[in-house]
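Protein chains in written order, with numbering that gives the first Met the number 0: chain F, 0 to 475; chain S, 0 to 114.
Source of the hints: derived by calculation from the structure; they are not laboratory data. Keep in mind that this is a model prediction, so the values were computed, not measured. Each hint should be verified, as a subset may be incorrect.
If you only want the chain S side, here are some residues facing chain F, beta carbon under 8 Å, derived [to be verified]:
{"hint": "1", "residue": "20"}
{"hint": "2", "residue": "24"}
{"hint": "3", "residue": "25"}
{"hint": "4", "residue": "30"}
{"hint": "5", "residue": "42"}
Note that CB positions come from ideal geometry on N, CA and C, so glycine has one too.
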Amino acid sequence: MQLKSLSIGSAHSALQARQTTPLALAEAHYKQIAQRDHEIGAFLTLCRDRALAQADRIDRLAVEGKPLPPLAGVPVAIKDVMSTRGVRTTAGSKMLDKYIPPYDCTAVGRMEAAGAVVLGKTNCDEFAMGSSNENSAYFPVHNPRDLSRVPGGSSGGSAAAVAADMAVAALGSDTGGSIRQPASFCGVVGLTPTYGRVSRYGLIAFASSLDHIGPLTKTVKDAATVLQVIAGRDSMDSTSADLPVPDYVSELEKPIRGMEVGVAKEYFGEGLDDEVRHAIECAIDKLKNLGCEIVPISLPHTPYAIPTYYLIATAEASSNLARYDGVRYSLRARGVKTLSEMYRRSRDEGFGAEVKRRIMLGTYALSAGYYDAYYLKAQKVRTLLTRDFDEAFRKVDAIVTPTSPTPAFRIGEKSNDPLAMYLADIYTVTADLAGIPAISIPCGETQEKLPIGLQILGRHFDEATILRLAHAYEQA
Amino acid sequence: MQSMKVTEKDVAYVADLANLELSDQERTGMVRDLNSILEYVDRLNELDTSNVPAMAQVSDRYGVDESKQGSERFAYASRDDIVEGLRKSLPREEALANAPDADEQFFRVPKVIER
Numbered sequence: 000m001q002l003k004s005l006s007i008g009s010a011h012s013a014l015q016a017r018q019t020t021p022l023a024l025a026e027a028h029y030k031q032i033a034q035r036d037h038e039i040g041a042f043l044t045l046c047r048d049r050a051l052a053q054a055d056r057i058d059r060l061a062v063e064g065k066p067l068p069p070l071a072g073v074p075v076a077i078k079d080v081m082s083t084r085g086v087r088t089t090a091g092s093k094m095l096d097k098y099i100p101p102y103d104c105t106a107v108g109r110m111e112a113a114g115a116v117v118l119g120k121t122n123c124d125e126f127a128m129g130s131s132n133e134n135s136a137y138f139p140v141h142n143p144r145d146l147s148r149v150p151g152g153s154s155g156g157s158a159a160a161v162a163a164d165m166a167v168a169a170l171g172s173d174t175g176g177s178i179r180q181p182a183s184f185c186g187v188v189g190l191t192p193t194y195g196r197v198s199r200y201g202l203i204a205f206a207s208s209l210d211h212i213g214p215l216t217k218t219v220k221d222a223a224t225v226l227q228v229i230a231g232r233d234s235m236d237s238t239s240a241d242l243p244v245p246d247y248v249s250e251l252e253k254p255i256r257g258m259e260v261g262v263a264k265e266y267f268g269e270g271l272d273d274e275v276r277h278a279i280e281c282a283i284d285k286l287k288n289l290g291c292e293i294v295p296i297s298l299p300h301t302p303y304a305i306p307t308y309y310l311i312a313t314a315e316a317s318s319n320l321a322r323y324d325g326v327r328y329s330l331r332a333r334g335v336k337t338l339s340e341m342y343r344r345s346r347d348e349g350f351g352a353e354v355k356r357r358i359m360l361g362t363y364a365l366s367a368g369y370y371d372a373y374y375l376k377a378q379k380v381r382t383l384l385t386r387d388f389d390e391a392f393r394k395v396d397a398i399v400t401p402t403s404p405t406p407a408f409r410i411g412e413k414s415n416d417p418l419a420m421y422l423a424d425i426y427t428v429t430a431d432l433a434g435i436p437a438i439s440i441p442c443g444e445t446q447e448k449l450p451i452g453l454q455i456l457g458r459h460f461d462e463a464t465i466l467r468l469a470h471a472y473e474q475a
Numbered sequence: 000m001q002s003m004k005v006t007e008k009d010v011a012y013v014a015d016l017a018n019l020e021l022s023d024q025e026r027t028g029m030v031r032d033l034n035s036i037l038e039y040v041d042r043l044n045e046l047d048t049s050n051v052p053a054m055a056q057v058s059d060r061y062g063v064d065e066s067k068q069g070s071e072r073f074a075y076a077s078r079d080d081i082v083e084g085l086r087k088s089l090p091r092e093e094a095l096a097n098a099p100d101a102d103e104q105f106f107r108v109p110k111v112i113e114r
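Next up, chain F with everything else stripped away, as it sits in the complex (with noise of 0.2 Å):
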C-alpha cells in the first residue's frame, strides 16, 4: 500500500471497493509509526485497542455493503489537548501526565461518528503555548523534512504525522496560529475555521476567545471533508455558531475566475525571508494566471498584532490553567502541610518553564493597576485589528500571505528567546484575533528542500470560499 499517496478519498473508494480494510489500513500506519516515530516523536500516546475497535466496527460495515461514512476507516491523529474518554490525555504536560478523561472532545466524538480510525494523542508545546514544539514536557518532535529542524507549534505533533504518513488527517488547535504555522513548516494543509464554526467542547483550554480546533491534512478536499464532519452548533459549548454547515466539497469545484485577491503590503514587510517572499509572489502570480483579480490592500493594524495576542492569550490562560491546583487533575507535589503550599508546590512542578512565563505575564497584564494599561488596551487594540479585516473584505473576497516568515528553524535556535519564538507567529495571529477563517497550504520549497506555506484568510463563516481558492491553486 502506497501510504504517501493515502487520501481521505483514496481511502473512501477503496475500502468501498474492498481493496483493503479498516483494520489493514489502520496496521499499515501504526507500522509507519513503528518505522518512523522513533526518530521524529510526533506520537505521545497510541490507542490501538480503541483503534482496532472502530475498524472493526467499520469493517462489519463495509460486508454488509452498507453506505460508509465520510471517514470510514480513514486513520487519524489527535492532538493531545483534545479530550478522549478513557485513552490518556497530557497537554504535553507533567501536570496531566496520568490523567484520563471520563469523556470525549465532540470534535473527537463526530471524527469517530464519521467513522475515523483514531490511531493516537500527538504531541504539542505544553498547553499548546509554543511556536516550535521544544516546549512539550516529554520530547520535542522533529521536522519529517529536515530531523535537525523543528515542525513548528504547538500542533507540531499533528503535522509531522501527516507529514510522515503516520496519518492520513489530524486534528490540532490554533490560538494564534497552532495548525497554519505546523503545517506550513511540514507540508501540509492547515485549516483554522472562523471562531464558533467547530466546538471547542472537550479541548483542554488555553486562551477561550482565541481557541479553535481544525484540520491537518495531505490536501485541501482532505481538510474540507474533515471540516464538513466536525463543523457545526453543539449545545455543550455555548460559543458554538447556530448557523447552517454548507457543503464544502461540493462548494470546492466552483470556479475562482473573477475572484477579487486582497494582497496586504503589511505581511511582506521586514523579517520577510528572501525565499518565503519569492514563493509567495509566485503563488500570487499563479492565483493571477487562474483568473483572480489581486488587489492591494492594508491591513494597518498588524505592527501591533503580536503585542495584542500575547497580553489576551495569557490573560485568559491565567485564568484557564487556575484550575490546576492539585486537586482534581493528576499531580500533587509530595510531603506538602498547607493548602497553599500544595497549590503552589504542585504547580511549581507541574508547569514548565513557557507557561510559568505566561501564567506570570497574564496576571501582571489583569492585576490591579496595570488592567486598564495591558488587557483592556490590547482588547481595544483588538477591535481595530478586527476593523481592518471588515475593511478589507469589503474590497475584497480573500486574502493571501505568508503563513510563516521563515521555512521551519533549527531546533534551539529561539529556544532561549521568547520574543523572537513569539514573532514567529506573526502573520497567523491577526486571523485568530478577529476569529476569521485561515489555511496555509504548500506553496514550494526552499533551496534547502524546506516547504513553505501560503496562507488564504476569508470572511467570517466563509470557509468555502477560501477551501475553493486553496484547491484551484493546489490542483492547477
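Fit chain S to the supplied structure of chain F, relying on the hints for placement.
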C-alpha cells in the same frame, strides 16, 4: 517609561497571585523576560484608543441573528434550567478518578490553615 518596569518584588507579588512559588533562578529569569516582553508590548501606546470599544470575544459580532437585540441574540445558547439538562452528571466515582487524593465521596486536601 523606566527601563525596568518589573522588579524582583513585582515578580514575587505576581507569583503569589498566580499561586506559583518559583525558584530564585526562575525569579531572576522572569524579571528579565517580563521586562523584555513588556517593553515590546508598549508599542500599543502608539495607538489612540480612547474612542475604541474593547472586544472581549468575536461571537458577539458574528454568527448571531442581527435582527435581534441584547441577550435575545444569544437565545440559541440558552437551555432550560433542569437537572441533567445537557447530559447525565458523571458518576461520583468517575469524577474522583483523576484526583491524587480522594475518599469515596470527596476530594481530599491538606488541612486549610490561614497563611
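Are there hints from earlier that the structure breaks, and if so, what are their numbers? Failing hints, ascending: 2 and 4.
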